[in-house]
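Quick note: the sequence shown, position 478, residue 477 per numbering that gives the first Met the number 0, numbers continuous.
Watch out, some of these pointers could steer you wrong.
Okay, derived cross-link-like pairs now, DSBU-like style, lysine-lysine, Cα gap no bigger than 35 Å in a straight line [what the hints assert, rightly or not]:
1. Lys-626 <-> Lys-605
2. Lys-277 <-> Lys-210
3. Lys-614 <-> Lys-560
4. Lys-488 <-> Lys-198
5. Lys-560 <-> Lys-172
6. Lys-256 <-> Lys-206
7. Lys-488 <-> Lys-212
8. Lys-204 <-> Lys-614
9. Lys-62 <-> Lys-104
10. Lys-230 <-> Lys-212
11. Lys-595 <-> Lys-545
12. Lys-588 <-> Lys-394
13. Lys-522 <-> Lys-559
14. Lys-469 <-> Lys-223
15. Lys-588 <-> Lys-538
16. Lys-134 <-> Lys-204
17. Lys-104 <-> Lys-395
18. Lys-131 <-> Lys-77
19. Lys-488 <-> Lys-472
20. Lys-77 <-> Lys-198
21. Lys-463 <-> Lys-560
22. Lys-186 <-> Lys-77
23. Lys-212 <-> Lys-372
24. Lys-230 <-> Lys-204
25. Lys-588 <-> Lys-614
26. Lys-472 <-> Lys-446
27. Lys-172 <-> Lys-149
Pairwise CB distance ranges, derived in the manner of DEER restraints [unchecked claim]:
28. Thr-69 <-> Lys-49: 27 to 33 Å
29. Cys-112 <-> Ile-181: 21 to 27 Å
30. Ile-188 <-> Val-526: 32 to 38 Å
31. Val-478 <-> Thr-216: 45 to 51 Å
Source of the hints: derived by calculation from the structure; they are not laboratory data.
All of these numbers come straight from a predicted model, not from anything done at the bench.
Just so you know, even glycine gets a beta-carbon here, dropped at the ideal spot from N, CA and C.
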Amino acid sequence: MAEAILGDHDQYSCSICLELLRDPVTIPCGHSYCMSCINECWNTNDQKGKYRCPQCRHTFNSKPPLNRSTVLAEIMEKLRSTESAQSLAGPGEIACDFCSGEMIKAVKSCLECRASYCETHVQPHYNVPALKKHKLVKAAVIPVCPKHDKFLEVYCRTDQKCVCMHCLLDDHKGHDTVPSTIERNEKQIKLTHSQTNVKQTIQAKEKELQKMKMDITSHSDSAKKAVENSKKVLSELVKLIEKKSNEVIEEIKAQEKADLDHGTKLQKKLEGEITELKKREGVLEDLLQTEDNIQFLQNYETVSSSSGSDELQSFSFQPYCSFEDVRKRICELIGRLETTCTQEISKTVNKVSDLSAKRPPFDIVVGERVRVKPSVVTPIHKWGSVTHLSVGVVKKIQGDLLTVDFPEQRNWTGVVSEMEHVSGAGSDLSTKNGPFDIDVGDRVRVKPSITTPKHNWGRNVTHKSVGVVKDIKDDDSVVVDFPGHANWKGILTEMELVTNDDDEIGPSSLDSNIKIGDKVRVKPSVVSPTHKWGAVTHKSIGVVKKIQDESLIVDFPEHKKWTGLVSEMELVTSTDLVDIKVGDRVRVKSSIITPKHNWGGHVTHKSVGVVKDIKSEDVIVDFPNHKSWKGILSEMELVNYSGQLLKDVCFFPELDFVCHQHAIKILSLSVFLQTLTFQDPPRL
């Protein structure tokens with residue numbers, strides 16, 4: 000009931016004192032008053048024995064009896080207790096300056112009156128015309144000048160503080176000053192930009208997290224598939240290798256668990272970083288919602304100094320053992336099938352153990368920012384242009400070696416154990432503009448990773464352009480004089496330092512040593528190429544036809560004149576190609592829509608033929624219905640005698656192309672051995 004009463008507070012107020020009724024009495028006309036208020040009113044205004052109601056002006060010839068209304072008094076007590084519990088000012092809250100007795104919580108503060116009001120006493124500011132013009136803000140302590148006791152209305156840019164009008168005549172005379180509203184608007188724009196950067200970073204990290212989850216799931220599925228394939232192959236052999244089969248399966252599962260544990264750790268680290276960024280966004284949002292300009296400006300420096308979008312480390316799930324590439328090593332087959340299988344599977348089990356043993360104990364992953372440990376006097380692979388202060392990004396990790404891109408030296412090679420992490424805010428480098436320390440007068444260029452600069456390329460500026468820094472602004476923007484474009488505007492995070500011996504850069508130096516005529520494929524880390532996939536996949540291998548700046552054109556078997564970026568591609572070495580030899584059984588890859596030299600008669604994706612001749616990249620195959628069919632090596636894949644893809648037959652991720660040759664020999668010997676044991680040899 001008390002809650003309902005609170006909705007109409009004025010109905011239960013005394014029209015004389017304007018407070019809640021105390022010792023309420025109801026006179027014959029129906030209006031209620033405080034007993035003391037109505038008595039005082041009638042005693043003061045008693046005229047000729049007539050008594051009037053202060054509200055309706057009804058006249059009584061004799062003084063009506065004033066009896067305390069018990070029901071109304073109980074309602075008032077409940078109302079007071081409820082209102083008191085809900086409206087009393089707590090610790091750190093602003094109290095109403097006009098409430099007497101209990102400290103009622105203020106809801107608004109008036110910058111003109113320099114006072115704070117509760118819900119009741121603020122009403123005149125909504126109703127009285129003269130008070131409507133006053134500036135009301137959320138209840139807060141109104142800051143004043145400690146020296147002059149005047150409002151802080153001006154911002155002094157010279158001293159970076161809020162001052163009053165009197166301060167302009169003494170301590171801050173001649174300083175660069177502006178109205179607080181103007182300064183707030185300028186700083187709010189910067190703060191909004193920072194908030195936008197944080198939101199974009201959160202979105203990027205969330206996408207990164209989603210990709211990591213997909214990678215972990217895919218890796219887990221790949222591991223399960225590897226286990227299934229291992230079981231299938233080993234089940235086709237004799238019971239002699241069953242024991243070794245279980246050992247291999249256990250090693251694969253152990254490697255899967257180790258990789259998934261590593262991925263889970265990275266996932267938690269990324270989730271923690273997103274949480275911190277969201278907290279930072281919340282702080283920025285709270286400050287942006289501040290209505291009081293002075294309070295906003297006083298809190299701005301503290302918040303803005305910690306709200307910059309520092310360069311954050313990037314995470315990606317990089318398993319130490321890939322279950323996709325099931326083509327590496329069964330070793331030699333010697334002698335009888337029993338001896339060969341025992342020896343080769345034993346070697347494979349040992350290979351799994353070796354891979355686990357070589358797993359680096361240091362939690363450094365591709366994309367992280369690192370530097371050489373202070374305890375390292377001279378790196379194993381020498382300093383080059385790198386120093387202890389150099390901070391770079393890990394580009395590649397292979398075993399205990401890693402490749403790092405430093406501003407002073409790209410593709411620097413070092414040892415994992417010699418390096419240490421550098422966090423976004425935790426480095427102790429004495430730099431003004433981050434770890435790359437770009438300053439006025441430095442020679443810079445746009446980073447190869449930047450597709451389009453924030454302020455666009457402008458005329459004659461490319462990734463190869465090298466210019467001189469002319470000016471650096473407070474908002475991290477930079478003005479550069481390029482040979483073909485003076486006063487070009489960019490931002491610091493888009494630029495990189497250029498050393499004296501790094502003036503002329505070509506497409507190859509931007510990312511890799513890719514040249515026209517090289518065989519390339521899309522990097523596994525590229526989820527979606529900038530210029531889309533077309534008919535190309537991660538498995539597609541093509542030849543570079545043209546390179547222009549950061550772009551290149553590649554002829555893939557599936558897609559001629561495909562356009563991509565140099566930074567998205569990787570070279571394909573001879574060891575990456577399938578080792579197809581004369582006499583091997585092959586078929587056209589399912590990813591090939593139309594072979595380079597066409598299908599010919601009766602040749603399909605299901606056709607299995609024998610390699611008759613190989614000339615450079617061309618291959619001649621005898622299919623059952625088409626002799627001397629001509630194709631190219633990159634279009635073909637090896638199969639066994641039952642038509643099964645050999646990469647699905649091999650049972651461990653790190654097996655080399657030798658797997659295909661030995662797998663055929665194993666199956667042949669298996670058939671031979673079983674013909675000695677069974678009248679009807681089982682089908683493989």
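For this session: Could you tell me which of the hints above the structure violates, numbers in ascending order?
Result: 5, 7, 8, 9, 14, 16, 17, 20, 22 and 24
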